[in-house]
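Now for the letters of each chain:
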Amino acid sequence: MNLYDERNKLHRRLFLQKLGVTAASLAFAPLYSQADTETLAFGNGIRELVAYPQKRPLMLVTARPPHLETPFAVFNEGVLTPNDAFFVRYHLPNFPTSIDVGQHRLKVTGQVNKPLSLSLAELKALGETVEIVAVNQCAGNSRGFSSPRVFGAQLGNGSMGNARWTGIPLKTVLDRAGVRAGSKQITLRGLDRPALPGTPEFVKAIDIDLALSSGPLIAWAMNGTDIPFLNGYPIKLIIPGYFGSYWVKHLSEIEVIDHGFDGFFMKTAYRVPDNECQCVSAGSTPEKTRPISRLKVRSFITNLRSGENVSAGHAINLQGIAFDSGSGISSVDISDDGGKHWQAATLGKDLGNYSFREWHKTWEPQDKGKVALQVRARNRRGEEQPAAGLWNPGGYAQNGIETLSILVV
Amino acid sequence: MKPLIVQTASLIAWCVVEAFAAAEPLSITLPTETAKLRPSNLPGYALATQKCQICHSVDYIEYQPPGMIESQWVAEVRKMQHAYAAPITDDEINPIGAYLAASYSGKQAQEIGLQPSTAPVPSSQGATMTDVKTLLDQNSCLNCHAIDKKLVGPSYRDVAARYKNDPKAVDTLADRMGKGSSGRWGGIPMPPFPALTPDELKSLAVFVLSH
Chain E
1 MNLYDERNKL HRRLFLQKLG VTAASLAFAP LYSQADTETL AFGNGIRELV AYPQKRPLML
61 VTARPPHLET PFAVFNEGVL TPNDAFFVRY HLPNFPTSID VGQHRLKVTG QVNKPLSLSL
121 AELKALGETV EIVAVNQCAG NSRGFSSPRV FGAQLGNGSM GNARWTGIPL KTVLDRAGVR
181 AGSKQITLRG LDRPALPGTP EFVKAIDIDL ALSSGPLIAW AMNGTDIPFL NGYPIKLIIP
241 GYFGSYWVKH LSEIEVIDHG FDGFFMKTAY RVPDNECQCV SAGSTPEKTR PISRLKVRSF
301 ITNLRSGENV SAGHAINLQG IAFDSGSGIS SVDISDDGGK HWQAATLGKD LGNYSFREWH
361 KTWEPQDKGK VALQVRARNR RGEEQPAAGL WNPGGYAQNG IETLSILVV
Chain A
410 MKPLIVQTAS LIAWCVVEAF AAAEPLSITL PTETAKLRPS NLPGYALATQ KCQICHSVDY
470 IEYQPPGMIE SQWVAEVRKM QHAYAAPITD DEINPIGAYL AASYSGKQAQ EIGLQPSTAP
530 VPSSQGATMT DVKTLLDQNS CLNCHAIDKK LVGPSYRDVA ARYKNDPKAV DTLADRMGKG
590 SSGRWGGIPM PPFPALTPDE LKSLAVFVLS H
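Going line by line, the protein sequences match chains E and A.
Oh and the first sequence: position 35 is 35 in this note's numbering, straight run, nothing missing.
Oh and the second sequence: position 73 is 482 in this note's numbering, straight run, nothing missing.
Only chain A is shown next, with the shape it has when bound in the complex:
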């Protein structure tokens, strides 16, 4: 009898291993992010749009306590740079802090929230800039995208593949980069880049689609 028991036991063990090996991975799909930064014509708005959402959704900012003063917001931005390695230069800390204080700290913030500024954010680089590498650097594109692998957002190669048969691809992509987009590549939204001119957007779209 003994050999039979061993055989049965090893058969059970084999089945267990098989069951694990054959099991489907457990996968989840998360709800799409909906929070957006409050629009502003302060220069820190464009910077915050580029930098903050690389690592976290902006409901984190929306829910902070009312009444925090500008120096507190500036300290918080500095913490993001120092402690968490957010790609923020020293010169960008104060403008981002000033924008966050003006937009999220109480009465003034509510007014801004109710009446979002539609004024275009002035481009810090001027209208003639079309050098793609500079655009990619200045707008922190490569913090979220890479040419050939998914980071926070899709790879440029995947974007190019999806649009390869679309004759309107350049205009479509340029529009989505300027205005922002969500839901096309998973739950993390592409923030708007309102500071970019139509020519700059077009240059970037052509660059992305070339991969």
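Extracted from the complex, chain E is given alone in its bound form:
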């Protein structure tokens, strides 16, 4: 029994107390099999809530490799997603379950003047520590809402989170190694490995210009404490504005290369149609694809759920979040007539362009009956959300305007 089992038991107990379930009624069965469920608004969308190490009960997508989604109510708790509620996604079954931070090394190899092998202490000593609040969103967040449906992890809207990351710029590390002229990309890998020899390794790549920009950092802290094990302890790559597949966990090796990387998770997987909308007509195959990259603008209402009732003539405060890939949110609008008329919401505190931006809007429902309540955001580049979810074969980069079905009584 380790510390985290104890912690999970505590979470479990608190969770059950909230539900009014006593431990005695569970004595005959493993605790987790009695877990509550969360229902996503698509077919086959019931998810068990299971507590993993350092995590409160989250929606189980797959047990192995671990894939956990954040219940949406968490996004109404605050603008930063708590570490114990942050989503988890691995790709390969041989993931680490024990890491000795004293032994962990980050290697920098390839087209560099001086290859490095850095302990965490050495990494921290390389230069100035930086902090940024940034959204990490899974490429497949909201895939379950694709129409027609597509294979893959059937995710609701909870495979995203916003955290304050503390670390050192990737550029500082690369400068120390000395990137050689003519380098094109860097490849990134962590400690997870395939089970079978023929399965592709999980290796991602980014262009050298992005790698040497001021954006990416190698983080060791998340919301002021160690990064949770399942989110990439002890160090994780953060690329603000980019999808989470690039945010390599348990970061262990960076290779500087003088060509374009063609590994499976760049060349074949995680690709979107090579056009502006990153979409094709439903059910069709794109002629040309490119690696997925930046987040699209999105917004959500966090304090109301589809199917809830509100009272006519009573004003309520709608609140929620919006984000994009780093230009910043310029406006958020609300509609209660299915998109015919829109009213501006008030933006909340600005935690930086890569963060969730909170918003709120007083709403007084008038006529009784069913209302399509919608939220849309626009970023400082003038990009808006499409009226409906755009389709691509991977179900990636979803960002259609969210619609809640609310009954005014």
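These are computed hints drawn from the structure, not numbers from a lab.
Since the structure is predicted, the reported quantities are computational estimates derived from the model, not experimental observations.
Honestly, I wouldn't trust all of these hints.
Said to hold, decoys possible - Cut-off 30 angstroms, straight-line C-alpha distance, at most; resulting in silico cross-link-like pairs (BS3-like, lysine-lysine):
#: 1; chain 1: E; residue 1: Lys267; chain 2: E; residue 2: Lys107
#: 2; chain 1: A; residue 1: Lys558; chain 2: E; residue 2: Lys107
#: 3; chain 1: E; residue 1: Lys107; chain 2: A; residue 2: Lys559
#: 4; chain 1: A; residue 1: Lys559; chain 2: A; residue 2: Lys445
#: 5; chain 1: E; residue 1: Lys288; chain 2: A; residue 2: Lys488
Add chain A to chain E, keeping to what the hints say.
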């Protein structure tokens, strides 16, 4: 004063290094997998049982969208073979796809889910096969187990060591291989192998315990 400061600084550095070196590794224990494939008397069930769980738990399959048609499931199985090197032969792709479509694609799937077939899956090798090497190959045992090291499941040597003083070891192991087992070697379950006959199970158990 200067030498003293240097000395203090190096002492602090030494303490920091010591603290790292002496720190316990951070270890986690994951919850046990609970998802099981939906039982079926289609031949693809036994194949899926052997192959899919080498790399992932089967909740991945359970949560796929309803209404996917057989050709889509077949394409997905082919992707597992082509892209991820799942040890599936070309001849096994269609049966596995047919099983997944029949068991996980809507109304029919729900009926199967509610009334799991208890009919034994016919052994593709016939009842007389007792050659252990063939059994190991046909059932993909060595994708998850090795003689002397842990892969997805425990090594045969570790299993043999645990049961070395158990007079009922052969029967116990044969039973657990046939019916499946979980929780005895960590969080990843051993799937059931209902197609194996009692004699085949016994041969495999004797083989495992000989290490």
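Results of checking the hints against the structure:
1. E:Lys267 <-> E:Lys107: Judged against 30 angstroms, a Cα distance of about 24 angstroms means the pair holds.
2. A:Lys558 <-> E:Lys107: Given pair lysine 558 (chain A), lysine 107 (chain E) holds - Cα atoms ~27 angstroms apart, limit 30 angstroms.
3. E:Lys107 <-> A:Lys559: Measuring from Cα to Cα gives roughly 27 angstroms; hence the hint holds.
4. A:Lys559 <-> A:Lys445: At roughly 22 angstroms apart (the allowed maximum being 30 angstroms), lysine 445 (chain A) and lysine 559 (chain A) satisfy the hint.
5. E:Lys288 <-> A:Lys488: With a Cα-Cα distance of about 19 angstroms, the restraint between lysine 288 (chain E) and lysine 488 (chain A) holds, given a limit of 30 angstroms.
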